[in-house]
Structures are given as structure tokens and as C-alpha cells.
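Colleague: Sequence:
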Amino acid sequence: MKTRCLIILVVFATFVSVASVPTAADEETSAIERLTEKGFEIRTDSNGHAIRLMSSGKGDLTAADYQLIGKLTHLEQMGLNAAPLKADEWQFLKALPRLKTLSIWHGHHFATLEPFSGLPVESLTIGGCMGLRDLNKDAPDRLRNAITTLHDLPHLKKVSLYHSPLAPDDTHLKHLAQNFPTLEDLRLDFSAPRGSETLISPNGLKVLQTLPLKVLSLENAQTFTTEHMAAIADIRSLTQLLIDCRRQPVADDVIDTFRRQRPDVQVAVAQPGDPGPPVVRPPKR
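The numbering used here puts the first residue of the sequence shown at 994, with every later residue one more than the last.
Honestly, I wouldn't trust all of these hints.
Simulated pairs of lysine-lysine, BS3-like, Cα-Cα distance not exceeding 27 Å [claimed, not checked]:
#1 K1150 <-> K1051
#2 K1150 <-> K1207
#3 K1199 <-> K1150
#4 K1130 <-> K1079
#5 K1207 <-> K1167
#6 K1130 <-> K1093
#7 K1150 <-> K1087
#8 K1167 <-> K1199
#9 K1130 <-> K1031
#10 K1150 <-> K1130
#11 K1093 <-> K1079
Calculated directly from the structure, the hints in this document are not laboratory data.
This structure is a prediction, so every number in the text was calculated from the model and none was measured.
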């Protein structure tokens, strides 16, 4: 009798113990509720799974809050502005196997792009991340070569690097082309902090001809010559060229060189005073 009661108690205790362990779905639901309370904008699918998350960075957000994002394993799109995360506090990204689009704006606490390597993303945006400059003041080579710390993104099709100290030189373009051979959309900003200026040659641009590039966006490309544009014109897959001249103009004859060589490519230029970056608009009917 005692043995039978003991067995029943053990079975009951085991059942209670198992029942009390939260499931992945429970953890996701709890994370969604907590993050929503903290001001994150989250969109869910018909099954209640979080598939899109955006954060303005406002409010009293802590590193612990961001770690909860790792519970949202169905997440496909994410944009984080002014996240107060250091380089070793981005590990939650590795827990998001379905993440396709990642945008990081105004990051001031990481010195390299290593935290954003090794992800399944198809689209990556790094914008206004001045920690790359401020945390590398005593390491000019690390600042200048920050692009080379981005790697192992096998599905990457779109990269946008702007308003950050990520002005590429010839070797950096080679790194992008060799490591991300499926790139179709590339945005580059050639503005660099004083002391870490880079130089792009027409020959260096030729490496982009090896990519299936459809859209190329250039900003602060005032040093580009007709020879640079001739190299870009030889990117046979190109369908759109976007040139942002709002801060630094590109000579008209330089742009005209490209137009003459590639009349099949849609070209959009944003001029000083324009409200936003260049956009190719559909033809009027």
C-alpha cells in the first residue's frame, strides 16, 4: 500500500512539474506582452506569432528588455533605433532563424559589425551608427576597415550602409562582392570622418560587375569622375542608379556619361533642397 501511494505521489509530482514548465509559445506570448508594454511595435500573424518588430528607442529600455526579442522565433522583420546595446548584447539575434530584414539605426555602443554577422537575413541596413567612429578613435585602422567585420550572411540580397563611418575603398568593395555574391541592391555612402578617408578607383568599382546587382545607390560621391561612371555602366544587370546629391553634388557631365552609356537604366538624382533621397518613380500614364 505504501509503495503504491509512493508511486502515485511520484507520478503526480512529475505531472505537476512538467505542466508548470512554460512552453515556447508561452514564452513568446509573455515576451510580446512585455515588449509591447515597453513601447515596441509588434505585428503578429493569424496564429499569434510575432513577425514584425519595430522600436523607436524611446523610453527606459534596458539590455534585458532586448534579450526578450530572442523569444520571438517567428520574427521576419525588425528595426531598432538607438538601442543601448554593446557588442556582446546582440546575441538574441542568433535565436531568430526566420529573420529576413534587419535595420539598425543610430547605434552608439558597438565598434564593429560583428554582432550582425552569421544571420539568415536577406536585407541589412546600418544607418547613423556613429559608435563605429566614437569607439574607434584610438584605432583608425579598425574604423577604416569596419566593413570587413561583416561576414557569413549567405542569403544577403540587399545592403544599405549610410550616415555611418562605413565609406568603402576598393578593398572594402571587394570584400562585399566576395562575401555576399547574391547582392542585388546596394546603398553606399562615401562620407568618412576626418583621418579615415577612403578612395574609390574606377578599377575598384569593376568588382561590382561580378554581382547580380539591380539597384545601386550612391551618396556623397562628389569625387566620382566619368571613368567611375563608365565602370558602373558595365554592371550589366543594373536597372536603377540612385544618386543622392543633397549634401555633395556630383558633376552633371559625370551623370550624363552614365545616362549615355546606359539609357536602359532608370536614373534618379536628389538635389539640394529635395525632401528625401532619390526615388525612381513609375512613369505617368
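Colleague: Look at each hint and say if it fits the structure.
Modeller: Here is how each hint holds up against the structure:
{"no.": "1", "hint": "K1150 <-> K1051", "result": "violated (30 Å)"}
{"no.": "2", "hint": "K1150 <-> K1207", "result": "holds (10 Å)"}
{"no.": "3", "hint": "K1199 <-> K1150", "result": "holds (19 Å)"}
{"no.": "4", "hint": "K1130 <-> K1079", "result": "holds (17 Å)"}
{"no.": "5", "hint": "K1207 <-> K1167", "result": "holds (18 Å)"}
{"no.": "6", "hint": "K1130 <-> K1093", "result": "violated (33 Å)"}
{"no.": "7", "hint": "K1150 <-> K1087", "result": "holds (19 Å)"}
{"no.": "8", "hint": "K1167 <-> K1199", "result": "holds (9 Å)"}
{"no.": "9", "hint": "K1130 <-> K1031", "result": "violated (34 Å)"}
{"no.": "10", "hint": "K1150 <-> K1130", "result": "violated (31 Å)"}
{"no.": "11", "hint": "K1093 <-> K1079", "result": "holds (22 Å)"}
Of the numbered hints listed earlier, those contradicted by the structure are 1, 6, 9, 10.
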